[in-house]
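S.K.: Read off the chains here:
Protein chains: 4
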Amino acid sequence: MHRQRYYTLTASCPDRVGIVAKVSGFFAAHQGWILETALHADDTAGRYFMRIEVRADSLPFHLAELRERFRPVAEELGMEWKISDSAVKKRVVVLVSKQEHCLYDLLSRWQSKELDIEIPCIISNHDTFRGFVEWHGIPFHHIPVTADNKAAAYAEIQRLYEEVKGDTMVLARYMQILSPELCAAYPGQILNIHHSFLPSFVGAKPYHQAYERGVKLIGATCHYVTADLDQGPIIDQDVIRIDHSDSVEDMVRYGKDIEKTVLARGLRYHLEDRVLVHGNKTVVFR
Amino acid sequence: MHRQRYYTLTASCPDRVGIVAKVSGFFAAHQGWILETALHADDTAGRYFMRIEVRADSLPFHLAELRERFRPVAEELGMEWKISDSAVKKRVVVLVSKQEHCLYDLLSRWQSKELDIEIPCIISNHDTFRGFVEWHGIPFHHIPVTADNKAAAYAEIQRLYEEVKGDTMVLARYMQILSPELCAAYPGQILNIHHSFLPSFVGAKPYHQAYERGVKLIGATCHYVTADLDQGPIIDQDVIRIDHSDSVEDMVRYGKDIEKTVLARGLRYHLEDRVLVHGNKTVVFR
Amino acid sequence: MHRQRYYTLTASCPDRVGIVAKVSGFFAAHQGWILETALHADDTAGRYFMRIEVRADSLPFHLAELRERFRPVAEELGMEWKISDSAVKKRVVVLVSKQEHCLYDLLSRWQSKELDIEIPCIISNHDTFRGFVEWHGIPFHHIPVTADNKAAAYAEIQRLYEEVKGDTMVLARYMQILSPELCAAYPGQILNIHHSFLPSFVGAKPYHQAYERGVKLIGATCHYVTADLDQGPIIDQDVIRIDHSDSVEDMVRYGKDIEKTVLARGLRYHLEDRVLVHGNKTVVFR
Amino acid sequence: MHRQRYYTLTASCPDRVGIVAKVSGFFAAHQGWILETALHADDTAGRYFMRIEVRADSLPFHLAELRERFRPVAEELGMEWKISDSAVKKRVVVLVSKQEHCLYDLLSRWQSKELDIEIPCIISNHDTFRGFVEWHGIPFHHIPVTADNKAAAYAEIQRLYEEVKGDTMVLARYMQILSPELCAAYPGQILNIHHSFLPSFVGAKPYHQAYERGVKLIGATCHYVTADLDQGPIIDQDVIRIDHSDSVEDMVRYGKDIEKTVLARGLRYHLEDRVLVHGNKTVVFR
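Residue numbers (full-length UniProt numbering), protein chains in the order written: chain A, 1 to 286; chain B, 1 to 286; chain C, 1 to 286; chain D, 1 to 286.
Just chain A, same shape as in the assembly (with noise of 0.2 Å):
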């Protein structure tokens, strides 16, 4: 991690002659120091991906005018692009359920700034952990979720997230399928843990259909939410090497060091903005 303030420029665009020159030569100009460049042509696709991150202080003039001048590059590049400030922390909504480990694995990142976010507040289906993220100073709220109320539950979460001005949502196990509505509201914003090494065992208890099959590795998968379950971009998976003496409660039990290890790896790529998507894959400048 840098100490120094810096600004990253995320962009992407269609393939073609003198990108990098163009880009690189617009921060040279102005005497930029480049802290770290990250670069992907995708030749399938005919589409150039970078990141580049450059230190505040040694540009002059501020985030607004940086935009600003660097609009013409990108427009002449056919550019979708952003420049984000690493002064300026990510808020970030964690939805939680009654299991503990990505929760307690996120809250021990978070205290020692390991990951350097706001978490603005903690919202569950149950009420299981309030004291544990009260004590940690951070507001938790209760939202039940029933066959019944599931509209207005998700309504409600929507609200807090708007509230709390979230720029990311990240579902820590949380074991409820959210909302059509709120999957497309905020494309590449919402992370998800999926406990298994995808696209094997969509849906429910995947723990057990792993069992059912007799596979030597489990795995989890960190990805974008979309409306289609389980099918969003993947950020990042992993796996672990079981073996036929392990029972499904083993297999739940091992995978939870998975989970939590993929979801804190995907989610520090997506803060930093090392995470592109395009179509349903993504490009991670690791």
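Check before you lean on any hint, since a few could be wrong.
Identical chains share a label here; the pair holds if one copy fits it or two copies do between them.
[To be verified] Under the rule of at most 30 Å between Cα atoms (straight-line distance), these lysine-lysine pairs were calculated in the DSS-like manner:
1. K205 x K22
2. K205 x K82
3. K113 x K89
4. K98 x K113
5. K205 x K113
6. K150 x K22
Because the hints were derived from the structure by calculation, they are not lab data.
For chain A, the structure is supplied; the task is to place chains B, C and D on it using the hints.
M.R.: Using the frame of chain A, we list chains B, C and D on its own:
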């Protein structure tokens, strides 16, 4: 690997009190020196699995008599069982197409005696590797497979397998789908290496499927062949990390390293009688 | 995890014919229902190791009588042995400094009963985590360690450990080196997590050492503490891939994920009596 | 792998503002189509590293002129640099002893053109693999190495390497230690595969050392050879899990799978000019 000759008992039976006592008591009564014991109780299935290696020279009788004397113990316990002899090499028939990696890998292990087996012949639907195989002193049979001759081709493969008294058939990236008859004739004898992490990406072109889905790990699966394509009992699996910069061609290349390693590992477990099949799952005593 | 109460026998003895027959015969004679059996013959050392779980309610007597009746069997075999009771929770004293990751991870597993233990107290050389620990209802003791007070500090730690009847001490990134006396007093009871893949990078600042050497994987090691720094019997290890772009700070961050996972895994093996120490090596019956 | 011919620029220079702008500007000015760009700023060393692939047919001049025109750019930036041509195959001399696994693996990749190289000859201190190598149409030289003839043997190896215009030497489990003179003559050209996870277990019999220490993972390391035994810059490493049941012989067998994979991976990075050495460390642009 043990240098002394040993017998390997593999068995399964309904779980009950005293199974191990009875079996180990049998060997102890004859001063049998046990080299390795592996046991597994499947609570869900209510079934007990075991694998015991005993030094041949520690027993006061030969294999035939060992089997005869063990029979009443096995019958009392309702066992499915067999006893193999490390001095009798398995006879492995290998089927290949035009990809080299699994073939080179298997022959490398065979010539160094890491795989202490007989390879009575290698069969291919292409003539590509005739010279390489024959240089190793192994008979090579070119049996083309076309849309029209499938029945005859598979009949010829079966005839050869019988003729050379094969007891294991390895599909080392053999790009044809065996006939249901052939699969049914040799349950638990035919090993395949599938180039995906099953159950993801069954069937043709799994790396293309993986590329389209944007997964972050790709894998390979060694399994017993059954009449259901890519659905047989899984013996071993592994994965390797990829990222957005990897094309399908890159994935194919990475995949080869996993395929040959997983096939070799699965084959070794099979050859050492470490794999017990139960339903569509395996117990693998590594 | 088994829900029923069970006893766990762990034992080792000189290898000879009939060990398993004698031990399993003992349990079978009393209708003992064996849940899990793991056996290992160390050919080099000529020593036999075993771990057997037997359902408590299947035996016609209680633990004290079980031990009494098993004693002659054990003596005949020249065994080192013990039998533990799943109903008696282990008492684990945790030592921490100022890093949070292992502490959060252990408390997460403890509060969900994944680790079904008592934590009678947590000790630290800093006051950092007092609030967090006490919120969980666990007594917290701040015992500063300075160049001048080491003897007194370690004496106080030992006094507390005795007072709360601890049977396991966990150094959860406790940044102090215990006195040789303390190490010697509790062989096989004190677990440490070292932040390198031992035997590489013994001692201080292993990530800095790893950075200097330019390794491509970094790791962590859970081991029993002995008077020789970072030389005790290894219980578990794992690694994670890094590359040239990772600074020491990045390595520290990646390392935390490995450290907490390896410590939790090693601790679990220890708590379930899956670790048998022989000389400076371990048998770990996973 | 790109099918079109391309040039690869690898370079490093002191870090400053505008490096990427200058280099990419140079290529853009000539309509150079960049296929792949990898960049790395080493903050500690204050040095910048880059690797750029540009399509040969997109440039209006040939390689010699490209080098001539790029020279002023490189000089202005104080670069160490080179440009290689994908149409010029690297010439790789392989040294082996009596172990087969790396040799089979390399020839498998070579014959399928996964490794698109020339192997002008293979040298061994044993005659074991003459037939196998010659069957592949590759000249084989048996150069015995004894206590008495070392100087002459290494001189002969060097003579052959020069004669065949080798540019890369691979020690594929070649069990001899090259002379300091030979090491010094070809810095960054000689790759070795060491059968341990360096810096653990330097020197002879690393698996025996690993067995004695009781580690739970074993590994292999591909590195450039320098005059300091097993101390050269590390290119790649990997590990595999073992446990108490594995003998030294088992570890040797497992190790082979890691050794050949890590060597092949390291060699590939080297051949594609993905490895930049700085001091005793490497930047590897995968």
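S.K.: So which of the earlier hints does this model not fit?
M.R.: 1, 2, 6
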